[in-house]
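Protein sequence lines correspond, in order, to chains Y and D.
Here the first sequence is numbered in our numbering, starting from 1 and rising by one per residue.
Here the second sequence is numbered in our numbering, starting from 1001 and rising by one per residue.
Simulated from the structure, these hints should not be mistaken for laboratory data.
Just to be clear, a hint being listed does not mean it is correct.
[To be verified] Think about it this way: if two alpha-carbon atoms lie no more than 30 Å apart in a straight line, the pair counts; the simulated DSSO-like pairs of lysine-lysine are:
| no. | chain 1 | residue 1 | chain 2 | residue 2 |
| --- | --- | --- | --- | --- |
| 1 | D | Lys1184 | Y | Lys130 |
| 2 | D | Lys1003 | D | Lys1184 |
| 3 | D | Lys1130 | Y | Lys184 |
| 4 | D | Lys1141 | Y | Lys130 |
| 5 | Y | Lys102 | D | Lys1141 |
| 6 | Y | Lys102 | D | Lys1130 |
| 7 | D | Lys1184 | Y | Lys141 |
| 8 | Y | Lys102 | D | Lys1093 |
| 9 | D | Lys1221 | Y | Lys141 |
| 10 | Y | Lys141 | D | Lys1003 |
[Claimed, not checked] If you only want the chain D side, here are some residues facing chain Y, beta carbon under 8 Å, derived:
| no. | residue |
| --- | --- |
| 11 | Arg1110 |
| 12 | Asn1113 |
| 13 | Tyr1114 |
| 14 | Leu1121 |
| 15 | Thr1140 |
| 16 | Ala1146 |
| 17 | Ile1149 |
[As the list claims (entries may be wrong)] Pair by pair, the computed Cβ-Cβ distance ranges are:
| no. | chain 1 | residue 1 | chain 2 | residue 2 | range |
| --- | --- | --- | --- | --- | --- |
| 18 | Y | Val74 | D | Ala1119 | 32 to 42 Å |
| 19 | Y | Ala160 | D | Asn1040 | 34 to 44 Å |
| 20 | Y | Asp36 | D | Val1078 | 52 to 62 Å |
| 21 | Y | Gln6 | D | Lys1221 | 53 to 63 Å |
| 22 | Y | Gly118 | D | Val1090 | 40 to 50 Å |
| 23 | Y | Glu164 | D | Glu1031 | 41 to 51 Å |
| 24 | D | Gln1006 | Y | Gly105 | 28 to 38 Å |
| 25 | D | Asp1218 | Y | Lys93 | 31 to 41 Å |
| 26 | Y | Thr151 | D | Lys1066 | 31 to 41 Å |
| 27 | Y | Glu164 | D | Val1078 | 27 to 37 Å |
We treat Cβ as the ideally placed atom computed from N, Cα and C, and that holds for glycine.
Number of protein chains: 2
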Amino acid sequence: MEKVYQGKTKDVYKLDNGNFRLLFKDDVTGENGVFDPGANTVGLSIEGIGRENLKTSVYFFEILKKAGIKTHYVSADVEASAMEALPAKVFGKGLEIICRFKATGSFIRRYGNYIDEGAPLNAYVEVTCKDDGRGDPLITKEGLEALGIMTGEQFNSVVAETKEICAIIKDTLAEKGLDLYDIKLEFGYYNGEVILIDEIASGNMRVYKDGVIVDPIDLTKMILA
Amino acid sequence: MEKVYQGKTKDVYKLDNGNFRLLFKDDVTGENGVFDPGANTVGLSIEGIGRENLKTSVYFFEILKKAGIKTHYVSADVEASAMEALPAKVFGKGLEIICRFKATGSFIRRYGNYIDEGAPLNAYVEVTCKDDGRGDPLITKEGLEALGIMTGEQFNSVVAETKEICAIIKDTLAEKGLDLYDIKLEFGYYNGEVILIDEIASGNMRVYKDGVIVDPIDLTKMILA
Chain Y
1 MEKVYQGKTK
11 DVYKLDNGNF
21 RLLFKDDVTG
31 ENGVFDPGAN
41 TVGLSIEGIG
51 RENLKTSVYF
61 FEILKKAGIK
71 THYVSADVEA
81 SAMEALPAKV
91 FGKGLEIICR
101 FKATGSFIRR
111 YGNYIDEGAP
121 LNAYVEVTCK
131 DDGRGDPLIT
141 KEGLEALGIM
151 TGEQFNSVVA
161 ETKEICAIIK
171 DTLAEKGLDL
181 YDIKLEFGYY
191 NGEVILIDEI
201 ASGNMRVYKD
211 GVIVDPIDLT
221 KMILA
Chain D
1001 MEKVYQGKTK
1011 DVYKLDNGNF
1021 RLLFKDDVTG
1031 ENGVFDPGAN
1041 TVGLSIEGIG
1051 RENLKTSVYF
1061 FEILKKAGIK
1071 THYVSADVEA
1081 SAMEALPAKV
1091 FGKGLEIICR
1101 FKATGSFIRR
1111 YGNYIDEGAP
1121 LNAYVEVTCK
1131 DDGRGDPLIT
1141 KEGLEALGIM
1151 TGEQFNSVVA
1161 ETKEICAIIK
1171 DTLAEKGLDL
1181 YDIKLEFGYY
1191 NGEVILIDEI
1201 ASGNMRVYKD
1211 GVIVDPIDLT
1221 KMILA
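Pulled out of the complex, with its shape left as it was, chain Y reads as follows (with noise of 0.2 Å):
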C-alpha cells in the first residue's frame, strides 16, 4: 500500500479501492515523556494506545453515523489498529476545527483580558493552521478565503457541521457525568461535500468531571465503559 500521509499519531495508506487506511499509532503528542494532546511533538509511546483511540473514534462515528452526520468513517479493524475511510482531502496543508463549550487553553491566552478561565462559550468555533513551526495560527474566513485555503461556504458548512457535531458529542459524555470542555475536529472535501475526517479520540478534547480535568488515558476508559 502506498503511504499518502505520515501523521505523528496516525499514516495514512491508500487501498486499491480507493479509499484510505489509516493507522493508529502508539505515539503520543507530549513533551518531556509526559502525555500532553496540545503538544505538538511526539513525546512518548504507550502500548495499545492507538487502538485505543481507533475504539473511541469507531464509538463516536457510529453515533454520528446514526444521526444521520457524514464522515469519512468507513469500518475499522481494530485487532489491525486500522480505519478506512473516504479519501477525503483536506484543506490547504491541513486545518484544526476547535468547538468551544468553556473558556480554557490557548482561548485564554489569547483573550484572558475578556474572559475568566472556565467561563462558557456557546459552542463558539474557531479555525486554525496546522502548522507546528508557526504555532498553529488562528485564521479568519476571511483569510481562508484570501489564501484559498477555503471558500465563504465551506467555512459556513465547516461550522455548522462542527456545532452540530459537537453538540451529540458534548451529550453523549454527559450521559456519562462527563463535562466537555472544548474539542478539536478535522474536515476534509470529499465528493462536493465537507465531511468530517481524522479521529475523535480523548486527545483531541478536553473533559472535566466534577470541576477537575479528566486525563486522556482515563477518559479513554470512561468513554470506553
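Add chain D to chain Y, keeping to what the hints say.
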C-alpha cells in the same frame, strides 16, 4: 483638564465641551533605542515627532473629510501638538484594525506556509486586540461577538469603512510614488455610528518606495512635502 487615557504616544484629556483633546507626545515605540512602529514598548523620544505625527494625521483626516468619511477629527492646534476629537468610545479594551495590500509582517509570521512575502492582498482586513502582554492577539468576527466587544453589524461596518479609507490613503500615497503595504487603524463608537479614531501617521503604516521600505521619519517628510 481631566486625563481620560494615557497611551504610549498620546495622552487624551476631556474638554469642557465634551470633546477629547489628544496630546501627541514625542515618545515613539521601539526597542533598544531603535524606532520600530511595530513595537509595543516606548523605546525612545524624538523631539518634535509628536507634532509631525499630528500634522500627518491632519493631512489625511482632511482628505477623508473631503471624501465624505466621518472621523473623530474636529480640529488641530499644531503648535501645541494637540488635536480636538469627538469623544468616541473604543470597542472593548481597544482594537487594531489592519488593512493589508501586500503580505508582510505578522501576516507572514502566521501564514508564511501559504503566501510569500510581498504577495498582493486585496485590502485584506483583520482585527487584533490591543494587549501588549498577550502579543496583540488576532480575533475573529465570531470572537468579537462572543466576547461582547462588537456586534456582527459593527464588525461589518468597520471592515467596509476600513477598505474605503485605506483605498483613499493608498491612492494618496501612490500619487507621491509611495506603495502602501499595510496600515493599522482604530475605530470607535460615537452617536450610534462606527467612526475612525486615533491618528493616521507614518508609524501606523508600512510604505515602500521602489521596492525598499521607507523609514517612518523619511515617510513623514515625503507625505508632508
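- For the hint on Ala1146/D, does the least C-beta distance to chain Y fall short of 8 Å? The hint holds - Ala1146/D has a Cβ within 8 Å of chain Y, the shortest such distance being about 5 Å.
- Query: How about Thr1140/D: closest beta carbon in chain Y under 8 Å, or not?
  - Reply: Result: holds, 5 Å to nearest chain Y Cβ.
- That 27 to 37 Å hint for Glu164/Y and Val1078/D (C-beta), does it hold up? violated (58 Å)
- For the pair supplied as a hint, Lys1003/D and Lys1184/D, confirm whether the alpha-carbon distance does not exceed 30 Å. holds (25 Å)
- Item | Pair hint Lys141/Y and Lys1003/D, alpha-carbon separation not exceeding 30 Å | With Cα atoms ~39 Å apart, Lys141/Y and Lys1003/D exceed 30 Å; violated.
- Given pair status - Lys130/Y, Lys1184/D, alpha carbons within 30 Å: holds (27 Å)
- Message: Assuming the hint says 28 to 38 Å, is it satisfied by the Cβ distance from Gln1006/D to Gly105/Y or not?
- Response: The hint (28 to 38 Å, Cβ to Cβ) holds, given that Gln1006/D and Gly105/Y are roughly 33 Å apart.
- Message: Just to be sure I understand the hint, the distance between the Cβ atoms of Gly118/Y and Val1090/D should be within 40 to 50 Å; is that true here?
- Response: Hint violated: Cβ distance 27 Å, outside 40 to 50 Å.
- Item | Distance restraint hint 52 to 62 Å, applied to the beta-carbon atoms of Asp36/Y and Val1078/D | Because 56 Å falls inside the window, the suggested range holds.
- Query: When the nearest CB of chain Y is found for Leu1121/D, is that gap smaller than 8 Å?
  - Reply: holds (6 Å)
- Pairwise beta carbon distance, Gln6/Y to Lys1221/D, judged against the given window 53 to 63 Å: holds (55 Å)
- Item | Proposed proximity, Lys184/Y with Lys1130/D (alpha carbon, max 30 Å) | This hinted pair holds, its Cα atoms lying about 27 Å apart.
Violated hints for the displayed structure, listed by number in ascending order: 9, 10, 22 and 27.
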